[in-house]
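One line per chain: the protein sequences are B and V, in this order.
Going by my numbering, the first sequence opens with residue 1, and the numbers climb by one from there.
Going by my numbering, the second sequence opens with residue 1001, and the numbers climb by one from there.
Some hints here could point you the wrong way.
Claimed, not checked - The calculated DSS-like cross-link candidates involving lysine-lysine, where the alpha carbons are at most 27 Å apart (straight line), are:
1. V:Lys-1023 <-> B:Lys-129
2. B:Lys-63 <-> V:Lys-1059
3. B:Lys-99 <-> V:Lys-1059
To be verified - The following label-pair restraints were derived from C-beta to C-beta distances:
4. B:Arg-116 <-> V:His-1168: 16 to 26 Å
5. V:Glu-1208 <-> B:Asp-53: 45 to 55 Å
6. V:Ala-1079 <-> B:Arg-116: 31 to 41 Å
7. B:Asn-104 <-> V:Ile-1128: 22 to 32 Å
8. V:Lys-1211 <-> B:Ser-29: 24 to 34 Å
9. V:Cys-1119 <-> B:Tyr-112: 17 to 27 Å
10. B:Arg-116 <-> V:Thr-1111: 16 to 26 Å
11. V:Lys-1020 <-> B:Asp-146: 48 to 58 Å
12. B:Arg-137 <-> V:Glu-1025: 22 to 32 Å
13. B:Tyr-22 <-> V:Pro-1061: 23 to 33 Å
Hints were generated in silico from the structure; no laboratory data involved.
Backbone N, C-alpha and C fix where the C-beta goes; we use that ideal spot for every residue, glycine too.
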Amino acid sequence: MIGLLLINNMIFSKILKNAPRYLSIRFNSLNSYVWESLFPENFRRRVFSKIKDKEKRRKEYKKMRSISEEASILVFIFVLRKIFIESSKATKETVDMLKELNVNGFYLGKRYYEERNKNVIAGDELAKKLFLLLDARAKKIILNTDQIYEILDRYQKIKNEFYG
Amino acid sequence: MVNYLFNQEEARNKLKEYFKKEKAELDSFGLYVNQTFEAHTFANSLKWYKEHGWNVDIKNPKDKKGKDIFKLKFSTRGAPSNYSYAVCKKLGETCQIRHQLRVSTRAYKKTKKFRANICCDIVVLNDINLDFYSTDDAVENSELISFGEVKHMSAYAELIAGFIGMVHELQPNRLKRVRIKKWSISGHIPPFLNVSGLLWITARGIKETIKRRKYDIDIYSYEDSML
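The whole structure should be built from the sequences, with the hints applied where relevant.
The structure is reproduced here in structure tokens:
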């Protein structure tokens, strides 16, 4: 099992190879959160205790990981997109509020924020590009989701199809 | 690879490409995302005062050429006079709204060896002159009207408890049974914690007990925003 877990972590570390640290940390914690939400330890123990054959147990574990990983990717994209959009929204509101007080813009480090310049809408742009990575089915799910648990509920149903 | 609700493999590959292609922009976004939220809370505090009938005026430091420059502070270091702040006026009363300002705790006495002060993200204070304050100088607690803390994250119980501890140090009178039936908001924003994310379940529990205990503080989050 530990071997498989390492392989799975390797798969994700490949995806996250070029991701900034603040995102890879978030993804790793979401990945564990999703795994524990869908397949908590007591559930796994119950399932595996009924399977005596080592190879069959391995296959079962692989199936669980596969469901959990797909859910993790979707949850991660959902959360990331939300962070980008919310950040842009906050920046636009800040710029607009300051404009009302006769402040044309502000600096964060060397980045200048005013009106709807590229720094102000940077989050929106990142969100748009992120959304394009998904196929039509995933896009539909993301657009119809408000909270993480709604995505998890969908995968709970898939889990229930296999495990009742 | 089995797909359940969407094409997992395609998404993985594209995600990998995305991180590679957008690396510079993502790095830069990550660098400023916390500061963006702090700036947003500062702007929202000004808006709160404006919406409550105060006249809000921004005061800026001068750049090298003597020109006004709007400058926000995102570190605990730096003299207050080098950064922008707001002066608010209403019915003959004047106050300032500053950010990242050091304030002495209520119990601190000047005669003590070590300084007891806290650098608050948002500070509402009496209209006093801070031009000669250095980075380590703290505003006297008696000048403090209210304050706010900003966290770009979801809140867990410990975070809320930490904020209550901060209120206890700065304005312990807010932790009495203040919000009884007759209570209505005064002219100023009560101390607040503003988190960009959600309140996890235990944090919600603490928030409920804050209400029950009638503390004069507010917890804002993604689901219950400041304005």
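Outcome of the hint check:
1. V:Lys-1023 <-> B:Lys-129: At roughly 13 Å apart (the allowed maximum being 27 Å), Lys-129 (chain B) and Lys-1023 (chain V) satisfy the hint.
2. B:Lys-63 <-> V:Lys-1059: violated, 61 Å
3. B:Lys-99 <-> V:Lys-1059: holds, 14 Å
4. B:Arg-116 <-> V:His-1168: 16 to 26 Å: violated, 43 Å
5. V:Glu-1208 <-> B:Asp-53: 45 to 55 Å: holds, 50 Å
6. V:Ala-1079 <-> B:Arg-116: 31 to 41 Å: holds, 33 Å
7. B:Asn-104 <-> V:Ile-1128: 22 to 32 Å: The hint (22 to 32 Å, Cβ to Cβ) holds, given that Asn-104 (chain B) and Ile-1128 (chain V) are roughly 28 Å apart.
8. V:Lys-1211 <-> B:Ser-29: 24 to 34 Å: holds, 30 Å
9. V:Cys-1119 <-> B:Tyr-112: 17 to 27 Å: Holds, since Cys-1119 (chain V) and Tyr-112 (chain B) (Cβ atoms, about 26 Å apart) stay within the stated range.
10. B:Arg-116 <-> V:Thr-1111: 16 to 26 Å: violated, 54 Å
11. V:Lys-1020 <-> B:Asp-146: 48 to 58 Å: Violated: the Cβ-Cβ distance is about 30 Å, outside 48 to 58 Å.
12. B:Arg-137 <-> V:Glu-1025: 22 to 32 Å: Hint holds: Cβ distance 27 Å, inside 22 to 32 Å.
13. B:Tyr-22 <-> V:Pro-1061: 23 to 33 Å: The hint (23 to 33 Å, Cβ to Cβ) holds, given that Tyr-22 (chain B) and Pro-1061 (chain V) are roughly 31 Å apart.
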